[in-house]
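Peer 1: If you want the building blocks of each chain, they are given just below.
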Amino acid sequence: MARPVQTPAEVLGIEPAGAYHRLLLRAPGVAEAVLPGHFVTLAIGGRDSATPLRRAFSVHRADPVADTIELVFAEHGRGTRALARHRPGDTVDLVGPLGTPFPVADAPETAVLVAGGYGSAPMFSLAEAILARGGRVGFVLGAATADRLFGVAAARALTPHVAVVTDDGSYGARGRATDPLAAMIRAVGATVVHSCGPMPMLRAVTDVAVAAGARSHTAVEEAMACGFGVCMSCVLPVAGADGATRLVRSCTEGPVFDGTTVRWPEASPPEPSPSVEPREVREVREVWEVREVREGVRS
Amino acid sequence: MTALEPADVDMSAPLGESVTLPNPVGTASGCAGYGRELAAFVPPAELGVLTTKTVMVRPRQGRPTPRMAETPSGMLNSVGLQGAGVDHLVTRELPWLAERGARVLVSVAGERPEEFAEAAARLTGRPGVVGVEVNISCPNVADRGLVFAADPGAAHEVVAAVRAATDPALPVYAKLTPDVTSIVDVAVACVEAGADGLSMINTLLGATMDLDTLRPALAGVTGGLSGPAVRPVAVRCVHQVYAAMRDGRLRTVPILGMGGITSGADALEFALAGASGVAVGTAIFTNPSAPLDVLRELRQALAERGFASFRDAVGYAHR
Ligand SMILES: Cc1cc2nc3c(=O)[nH]c(=O)nc-3n(C[C@H](O)[C@H](O)[C@H](O)COP(=O)(O)OP(=O)(O)OC[C@H]3O[C@@H](n4cnc5c(N)ncnc54)[C@H](O)[C@@H]3O)c2cc1C
Ligand SMILES: Cc1cc2nc3c(=O)[nH]c(=O)nc-3n(C[C@H](O)[C@H](O)[C@H](O)COP(=O)(O)O)c2cc1C
Ligand code: FES
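Taken in order, these protein sequences are the chains called B and L. Quick note on the UniProt record's numbering: the first sequence kicks off at 1 and runs consecutively. Quick note on the UniProt record's numbering: the second sequence kicks off at 1 and runs consecutively.
None of these hints come from the bench; they were simulated from the model. A couple of the hints might just be wrong.
[What the hints assert, rightly or not] Below, a sample of chain B positions facing chain L; criterion: calculated Cβ distance under 7 Å:
| # | residue |
| --- | --- |
| 1 | 13 |
| 2 | 47 |
| 3 | 53 |
| 4 | 228 |
Predicted model only: the values in this text are computed from it and were never measured. Here a beta-carbon is modelled for each residue, glycine too, at the ideal position from N, C-alpha and C.
Extracted from the complex, chain B is given alone in its bound form (with noise of 0.2 Å):
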């Protein structure tokens, strides 16, 4: 992990890029240290805001000579929604670069890289990184509607290899990002897949790159209050190198982890939407309430 840094960060600018805002910030000392698959934070409405938790963004782009970082957001709740009223000018308080990025050999490799939704933000300097080092890129990039996909012309001016689908069929082949994924790993004759997108989709994605013979690195998206390692409410189960699994912290040793190695049955339950059965939400909690069921209920 880099050493994160504290900073007050300027807005430049925001825009509108979809159904997303395009968030430009001045952030000193933070561009250099930033790789591919980096997360910030953001802290909306100041240390008296009543709404304490920092809301955490991947880096869509990193600047060292201008010292700006770029992120892309969705309006999704409280803090995003305050987040998007911001105007150039204003500061918000930024803690970054966090996390462990995506690993990237330094020998030319060739990789699929499938986001899902604003997923994509992180994978354009990913195919930056590897394509400088002499490697081949093919992307997959999937999203509910038209408007939810973001950087499909960005993709395409790094590669022809690009395949785009949606749920709705708005934009595209209709399908799930899974779909055109294994026919992307041979055409491109791919070794490795890195994925960034909801929980489900990124299990689905090491499904596929597993049976196809490649590697798969996944960018994990678990709810974080503290984004830097000391309050453990991040935690994913994760299979070590000698087999078993424990409950790692998603902000510190990921969001990125070898797919092969989350106990995804147990990671998370399945996306909250109001057309998730009750019964498989249980199903998946059940899974752990008959392991904790002495735990204690508080910290």
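For this one, chain B is given, so just place chain L with the ligands on it according to the hints.
Peer 2: Leaving out everything else, chain L with the ligands in the frame of chain B:
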């Protein structure tokens, strides 16, 4: 009172009869890990005291996720006592902290009084350790999961066991929960059992529902509420217990106040109510530099009000 220069305020604070801290601002258990990650923002030696995440004799997984939910001006956590166990702390973490000049208050817990005592006993002679905090807010297996701190008798038993097993040179603090009918009664029981200090407060039990899944937001259903939302409860607890000390209902021992401290002004509130030290918890998540900001602002707040020393402000609201 006339205002002073902040640099002239004596910030030293007693942790116990034999231990004096250079300043009264520390970290709350579970909010600073074992110090390593926080060190990027706060050098451990600059803290009055660093309280570790609660350790138990054996490593522990803690609760399932989601473990955290934001609430108005606060958060709920159901981390549980996830940790690598006291041996890991002793062999890996304490030497690292000691090298950096940290003063460490080690928080211990167990499911039975003997387990608390066993964890505390392993701290004897370890460099950097300046005290032991007994987290009596965890469930007692012998008592249907009721927390030790909910019952003065159980609290007395566990504090007495830890006091007997702990190096006599180290002060033993009992950490109280506000979720009781009379926090004074529990404080009396702990001090009679030999506690050299009281930490106040642990989190309040709460719950919140997820309107998307229509289920409790935390996998563990209930969690501990912390952050600015709980500050008035914490200040009340400190004030009540300090008042009881002045009334002679229990021996006067130092109180480490915590619960929603984000600024020097908040810390001063706790001191006026009777806290002789403060700990910063959830605010670290909002602002990793919070302990240093609180210390600087507290010094300033004392100087502005003409307090020549932090100790002069302790319990000042009771005059
Ligand atoms: C490593 C990482 C990288 C991320 N990168 C991006 C990104 O590039 N673009 C983007 O739009 N979003 C990203 N997210 C998700 C983003 O952090 C959440 O959407 C955001 O925190 C929601 O805040 P809110 O105030 O709108 O929602 P609320 O529901 O009000 O948030 C309440 C609390 O829950 C947490 N929370 C809620 N939803 C999520 C979530 N999906 N993931 C993590 N924490 C959550 C919040 O941080 C906050 O502490 C990332 C999350 C993580 C962990
Ligand atoms: C994420 C988290 C983990 C905690 N873990 C512990 C713990 O292990 N032991 C303990 O005694 N208190 C624990 N606490 C309680 C804090 O030490 C503190 O008493 C409480 O949060 C009130 O202070 P605050 O509002 O400043 O956070 C924890 C609190 C939080 C938020
Ligand atoms: S968010 Fe606090 S440890 Fe990861």
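Peer 1: If a hint holds in the structure, say so; if it doesn't, say that too.
Peer 2: Here is what the structure says about each hint:
1. At a threshold of 7 Å, the smallest CB-CB gap from residue 13 of chain B to chain L is about 25 Å, leaving the interface hint violated.
2. Hint on residue 47 of chain B holds. Least Cβ distance to chain L is approximately 5 Å, under the 7 Å limit.
3. Interface restraint check for residue 53 of chain B: the shortest CB-CB distance to chain L comes to about 5 Å, inside 7 Å, so the restraint holds.
4. Hint status for residue 228 of chain B: holds, given a least beta-carbon distance of 5 Å to chain L, under 7 Å.
Figure legend: structure checked against the earlier numbered hints; the only hint not met is number 1.
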